[in-house]
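J.: Now for the letters of each chain:
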Amino acid sequence: MNWKWLIRRLGFMLMVLAVAVILNFLIPRLMPGSAKQAYAGKLPEAVQVKIIARFGLDKSIWEQFVLYIQNTLKGDLGMSFSNHPNSVTYMIGNALPWTLFLLLTATIITVPLGYVFGVIAGWRAGSKTDTGIQIGSLSLLATPLFWIAMVLLYVFSAQLGWFPLRGAETAYSGYTGLKWVGDVLWHAVLPVLALMTLFGAYEMIMRNTMVTTLRENYIITAEAKGASENRVKYKHAARNALLPLITSVGIRFATIVGGSVFVENIFSYPGIGSLIFDAVISYDFPLLQGAFLIFSIVTVVVVFLLDLVYLRLDPRIRY
Amino acid sequence: MKKRLVFSFCSIVLVLSMILGPLACGEPVDTTTYRLTAAVTDLHESSNPFLASGRGDIRIMSRIYEPLVVGSGGAAIPRLAESWSYDDSTMSWTFNLVQDAEWSDGEPLTAADVKYTLDTQYAGDYSGGGDSKEFVDTVTVVDDNTVKITVTEYASAFLDFLNSMYIVPKHIWEDVADIDTEANLAPVGSGPWLWDEYVPQSHVAFKKNPNYWGGTVNIDEMVLEIYGSQELALLALKTGQVDMVPTVELYSYIPQLLESTDVKVGVDRAANFYNFLFVDHREEPNNLPAFRQAVSMAINRQDIIDFALFTYGSIPRMVPLVPEAIASEDVDWPGLGMTDEARIDEANAMLDADSDFSDFVEGETRTYKGDPLNIEMTIVNRPADVQQAEIIRENMAEIGINVSLKLIGFGPMMGMMFGGGWDDWTWSTAGHGAGGSTLDGLAQEFGADPYNVWYDAPSLGWGEDGDGGGTTAARALQADLRQSRREDDPATLATLIEQIQVDFAAELPIIPLSQGNTIYAYRLDTFTGWAPQEEMDGQGSSGHLLGTINILALEPIAQ
Amino acid sequence: MPILTVDDLRTHYFTEAGPVKAVDGVSFTLDKGESIGIAGESGCGKTTLAMSLMRLIKGGAVVGGKIHLGDISLLDMSINEFRKIRWERISLVSQAAMGALNPVYTVGSQIVEAIQLHWDMSKSEAWERTAHLLTLVKVDPVRGRSYPHELSGGMKQRIMIAMALACDPEIIIADEMTTALDVVTQAQVLKLLIDLQKRLDLSLIYISHELSVLGQACDKMIIMYAGKIVEMGPTAKIFGAPKHPYTQKLLGSLMDIHSDCVIPDSIPGKPPDLLNPPKGCRFWPRCTVGQVTCETQEPLLIEVEPGHYMACNCSDDKI
Ligand SMILES: Nc1ncnc2c1ncn2[C@@H]1O[C@H](COP(=O)(O)OP(=O)(O)OP(=O)(O)O)[C@@H](O)[C@H]1O
Ligand code: SF4
Ligand SMILES: [Mg+2]
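Chains as they are written, first to last, in the working numbering: chain A, 35 to 353; chain B, 13 to 571; chain C, 101 to 419.
So here's chain A without its partners, still in its complex pose:
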């Protein structure tokens, strides 16, 4: 472990989080209208009074900031306009596991797939296999996510009836144990498939770094040593080409998070994406802010975890 580096990254992560939290504080206060409007605007008057007191919305900006930080640390992000008396934290708490499940499953499947296809394509760059894979990846990359999601839904759910039309589980099913797991997986297939279009991006990155890596001298050394083709391909070339892929997973993660808003909405998936969609429609500012804050936290944490993976994979990282 490279502790110095780790501490630096941790510090960096905390700084990004701090910026996200501060933005979350500032945005409703910079918006036209007042913070009162943004926090309490659409709540019943009796509730408004309490929210105003809780967030000190009639106090000075500094006092508001202190209260805001205190509340945020306590996990109090305010009250949802459209779902009161449910708190924002409650709504997010219910939605987050579904979104994480969707995003992580999609990532865990897509990245290795992109890796394998990228290695195959990059190994024989210019071959027919390569061209085929590139056409596939490019078309996936060029097709809007929501469109793919809709096509999947209409073909496999609406027309063929193989998959459900909505949701993350059968409503009010009473399923437990393995049956419930099966039900959840069955509901996740299409949303995950839609998110898996990001495979195109991963494959392209992997393929291109693979091509440049193959020109490296250590590849010649490995071949000259008498290593088998697969050994050269995976142990030497792909192992190095993997590093940019991991970086790109972090960068792409924000994109997938954005994509999940569409995908969740199309599949009526009860995650943060659907929450954001509903919040936008019903002008539910507290919920929207909370959802964005959670998304920034998730993204930062994922990027940090990827950093740890990177740290393990690339010995060159020093500080």
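Any given hint could be a false lead.
Subject to a maximum C-alpha distance of 35 Å in a straight line, what follows is the list of computed DSBU-like cross-link-like pairs (lysine-lysine) [what the hints assert, rightly or not]:
1. Lys38/A to Lys108/A
2. Lys269/A to Lys337/C
3. Lys418/B to Lys84/A
4. Lys70/A to Lys160/B
5. Lys269/A to Lys238/C
6. Lys220/B to Lys145/B
7. Lys213/A to Lys418/B
8. Lys162/A to Lys158/C
9. Lys127/B to Lys276/B
10. Lys84/A to Lys160/B
11. Lys132/C to Lys349/C
12. Lys93/A to Lys145/B
13. Lys238/C to Lys38/A
14. Lys182/B to Lys70/A
15. Lys162/A to Lys291/C
16. Lys269/A to Lys291/C
17. Lys182/B to Lys108/A
18. Lys291/C to Lys337/C
19. Lys269/A to Lys223/C
20. Lys418/B to Lys70/A
21. Lys298/C to Lys379/C
22. Lys381/B to Lys84/A
23. Lys220/B to Lys213/A
24. Lys127/B to Lys70/A
25. Lys370/C to Lys349/C
26. Lys220/B to Lys160/B
27. Lys160/B to Lys269/A
28. Lys184/C to Lys269/A
29. Lys158/C to Lys269/A
30. Lys162/A to Lys166/C
31. Lys38/A to Lys184/C
32. Lys132/C to Lys337/C
33. Lys337/C to Lys223/C
34. Lys219/B to Lys182/B
35. Lys213/A to Lys38/A
36. Lys379/C to Lys291/C
These aren't lab readings, by the way, just hints derived from the structure by calculation.
On the provided structure of chain A, position chains B and C with the ligands as indicated by the hints.
T.: Okay, now just chains B and C with the ligands, sitting in the frame of chain A:
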């Protein structure tokens, strides 16, 4: 190798999900349980009746709780109150409760519960009961089954306001520490359903109330499932995944729906809404009745219904604001039934007659007092609305008025209207009932009494008298409308309405365009006994397909 | 009997414009314990020749000729069989040696990999041997646990030499082995290599720009020009009495400037385009003594005195 492991793990998960999923779901839940599933596209999950607002909440509230009456446009049908009366001399309403109503926990429902509910709602300034709080002075328990509500002023919409006043059990709510944060996840109500499971953003499930005072519920469970879009909800209905869609908003899908012989599409005329063209009378020539009449004459209302509402709308009543119960169904719109050419000629003649307007020249914009008639019309950016606006724009071009459309979102539209910011013309929907409507906004901006919009709105003919006072003619119309809601003698009422009809046509302060209806759809192969059309009408906003009367009549079809 | 016999070797790269004849009829022999230096301007085909010997040509192929290691023909073997020859009998310290080590593995493990690819040895035995090899190249065995980026250039080059020795090969091909090192380190590494070569009785093919290096290190010299051998002979002869006009120019300019003993760019003109080499002598466009016949008549490599070969039409005319 580790990588291989990860990869194979992922493929196993994927394959497992493909196999396990359908396996797990292929099995019916329980063959002896009858479940009614409804697809909804908006559902805001709250079962706290003090905080309930909006359609989503009302769907949940009105399954569990019940109001005293279900009012609609001045008339009402009984619910917890079996009869009621208003006494002008004491300015009080008396409600007689049904005898044997009880809460789902077995406690009797009494007048004390009603008083507790109203008092708590008003004291906490909650939204239940709408604007009724502006009128209510005191609530008194006369005896166990009688409540007296003393008001400060007679309000035409009082019974409508009470639609959302869900009576709650005093013995439960008294002990609630903080009503504002009470999620009420195990509600005790008096309605036909017991709240059973709530999964955010997914569904709300109810079990039947076996001891419902109002009758026997034949269905065991009811599930409201949230769908991401109307298309999907309707698709689910078509493919039999749900039994009903209580509100069909996507008119263009209806023909497709009708391909299935198992699906019936119905029109709930009670839960309808009006489409109005609001013209700003403070602007010239909007202030001229003749101008408004010419505009109204030129509009092809039949086209609006045929093309924009896919024939699921209807021609509006001549005077939309008289109580529905007594409104004349005869539609006698000037211009209706005339050929297009005759209608347009007539409208042109009306404008040509005024020398302030330049004469009509094909393809040119008229001028009024030398200024070209360029009119900006604001509309909500929704397909059906935009289509209606387009038809109006074309009609206006035929009489030399150049209309440009300004599209805005629904939220901004409401903001605009309540915040004051009317355009030359504003095209909007005004639902009736206690919720915020365009009429409320209109009344607020122009200084009328917002709680009596039902008869104040037509008086907002700002015209020559200025200052929101309305023109003499408009004020006479307003007085007649007020009277129409309190007139008991049928003969006098008939004459009154006839007079209103004539006055309204002459003044035309607001131009009615069409009447949209609430469309519902259900499957014919799962349950029988869906309420016929006549029973569906007149039940107000909570009276659509999920309503109690309908639900009690349903019988499952054994599969 | 020579250990390595190269006979009329031809290697072409296939480009869109046609075949690039990078090695065009090269023949030479290498005896056990002998060291041959190969010199020539950039692009004359030195690396191609080395890669052809390792059967590592990318984007091209050996299109003619024979290579014999002892009495086995290397070009007639299947690639899988040939993988056993690699490193076990011929190892390669490739050009730009800085990148010749895989950055994500410790240098020791890369040597271990080479050993285990060919010898049936346990991991600990292989590590032991690695430690021994590292001491042989005067590197502290603990350095085996280091990653390439943690080592200096000279150290890496020593480790490459250790790696080349991993399986006791008969032949080591060193391509521009010391180019990127500073002069002092260069001398140390070179001395180490020559010592080891002598001590272990290795055969060495040493490719370099640096003529002085070749002079110190090699028994025999091959001068290449545009894919062909123009002069070949004992180092003393080549340096003492160069016969070919190109060699003379090469050495002449070297003497003139008394510089770093690097092949200078001061021969006027450019090497020919190997896509369409001149029909006759390839040096003709730049040769100051050539005759008209040289333009069309290709000179053959002939033995001008015992062990000394050269290819020039004007071999008899002393300049
Ligand atoms: N993959 C390839 N495709 C096409 N042409 C190539 C390829 N590799 C090398 N060449 C060409 O073949 C010729 C010989 O190249 P090579 O690398 O063998 O030269 P070199 O003598 O090693 O040069 P240097 O001293 O710069 O290392 C050059 O003209 C080069 O441009
Ligand atoms: S053959 Fe002719 S051109 Fe070639 S090197 Fe000899 S003299 Fe020069
Ligand atoms: Mg080279």
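J.: Look at each hint and say if it fits the structure.
T.: Evaluation of the provided hints:
1. Straight-line distance between C-alpha atoms of Lys38/A and Lys108/A comes to about 30 Å, which keeps the hinted pair within the 35 Å bound.
2. For the suggested pair Lys269/A and Lys337/C, the alpha carbons sit about 47 Å apart, so the restraint of at most 35 Å is broken.
3. With a CA separation close to 39 Å, the supplied pair Lys418/B and Lys84/A exceeds the 35 Å bound.
4. Annotation: proposed proximity of Lys70/A to Lys160/B is violated, straight-line Cα distance about 38 Å (limit 35 Å).
5. The hinted pair formed by Lys269/A and Lys238/C meets the criterion: a straight-line CA distance of about 29 Å does not exceed 35 Å.
6. A distance of roughly 33 Å separates the Cα atoms of Lys220/B and Lys145/B; the hinted pair therefore holds under the 35 Å criterion.
7. This hinted pair does not check out: Lys213/A and Lys418/B have alpha carbons roughly 53 Å apart, beyond 35 Å.
8. Of the supplied pair hints, the one linking Lys162/A and Lys158/C holds, its CA atoms being roughly 18 Å apart against a limit of 35 Å.
9. Note on Lys127/B and Lys276/B: the hinted pairing is violated, with a Cα-Cα distance of about 42 Å set against a maximum of 35 Å.
10. Proximity of Lys84/A to Lys160/B is assessed by CA-CA distance (about 33 Å); at most 35 Å being required, the pair is judged to hold.
11. Restraint check for Lys132/C and Lys349/C: satisfied, since their Cα atoms lie roughly 31 Å apart, inside the 35 Å limit.
12. At roughly 31 Å between alpha-carbon atoms, Lys93/A and Lys145/B fall within 35 Å of each other, so this suggested pair holds.
13. For the proposed pair Lys238/C and Lys38/A, the alpha carbon gap of about 32 Å is at most 35 Å, so the pair holds.
14. Restraint check for Lys182/B and Lys70/A: satisfied, since their Cα atoms lie roughly 33 Å apart, inside the 35 Å limit.
15. Under the criterion of a C-alpha separation no larger than 35 Å, the hint pairing Lys162/A with Lys291/C is inconsistent with the structure, at around 49 Å.
16. Taking the CA atoms of Lys269/A and Lys291/C, the gap is about 34 Å. The hint holds against a cut of 35 Å.
17. For the suggested pair Lys182/B and Lys108/A, the alpha carbons sit about 34 Å apart, so the restraint of at most 35 Å is met.
18. As the CA atoms of Lys291/C and Lys337/C are separated by approximately 22 Å, the hinted pair is consistent with the 35 Å bound.
19. Restraint check: the Cα-Cα separation between Lys269/A and Lys223/C comes to about 17 Å, which is no more than 35 Å; the hinted pair holds.
20. Note on Lys418/B and Lys70/A: the hinted pairing holds, with a Cα-Cα distance of about 30 Å set against a maximum of 35 Å.
21. Proximity of Lys298/C to Lys379/C is assessed by CA-CA distance (about 42 Å); at most 35 Å being required, the pair is judged violated.
22. A C-alpha spacing of about 56 Å is found between Lys381/B and Lys84/A, which places the hinted pair above 35 Å, so the restraint is violated.
23. Pair hint Lys220/B plus Lys213/A holds up; C-alpha atoms about 26 Å apart against a cutoff of 35 Å.
24. With a CA separation close to 33 Å, the supplied pair Lys127/B and Lys70/A stays within the 35 Å bound.
25. Taken as a hint, the Lys370/C and Lys349/C pair is honoured in the structure, with Cα atoms around 13 Å apart against an allowance of 35 Å.
26. At most 35 Å may separate the alpha-carbon atoms for a hinted pair to count; Lys220/B and Lys160/B meet this at roughly 32 Å.
27. Pair hint Lys160/B plus Lys269/A does not hold up; C-alpha atoms about 86 Å apart against a cutoff of 35 Å.
28. In summary, the hint linking Lys184/C to Lys269/A is supported, as the alpha carbons are separated by about 19 Å, within the 35 Å threshold.
29. In summary, the hint linking Lys158/C to Lys269/A is supported, as the alpha carbons are separated by about 20 Å, within the 35 Å threshold.
30. Between Lys162/A and Lys166/C the alpha-carbon distance is near 32 Å, which keeps this suggested pair within the 35 Å criterion.
31. The suggested pairing of Lys38/A with Lys184/C is violated, with an alpha-carbon distance near 44 Å, which exceeds 35 Å.
32. For the proposed pair Lys132/C and Lys337/C, the alpha carbon gap of about 21 Å is at most 35 Å, so the pair holds.
33. Pair hint Lys337/C plus Lys223/C does not hold up; C-alpha atoms about 48 Å apart against a cutoff of 35 Å.
34. Note on Lys219/B and Lys182/B: the hinted pairing holds, with a Cα-Cα distance of about 23 Å set against a maximum of 35 Å.
35. Pair hint Lys213/A plus Lys38/A does not hold up; C-alpha atoms about 47 Å apart against a cutoff of 35 Å.
36. Taking the CA atoms of Lys379/C and Lys291/C, the gap is about 42 Å. The hint is violated against a cut of 35 Å.
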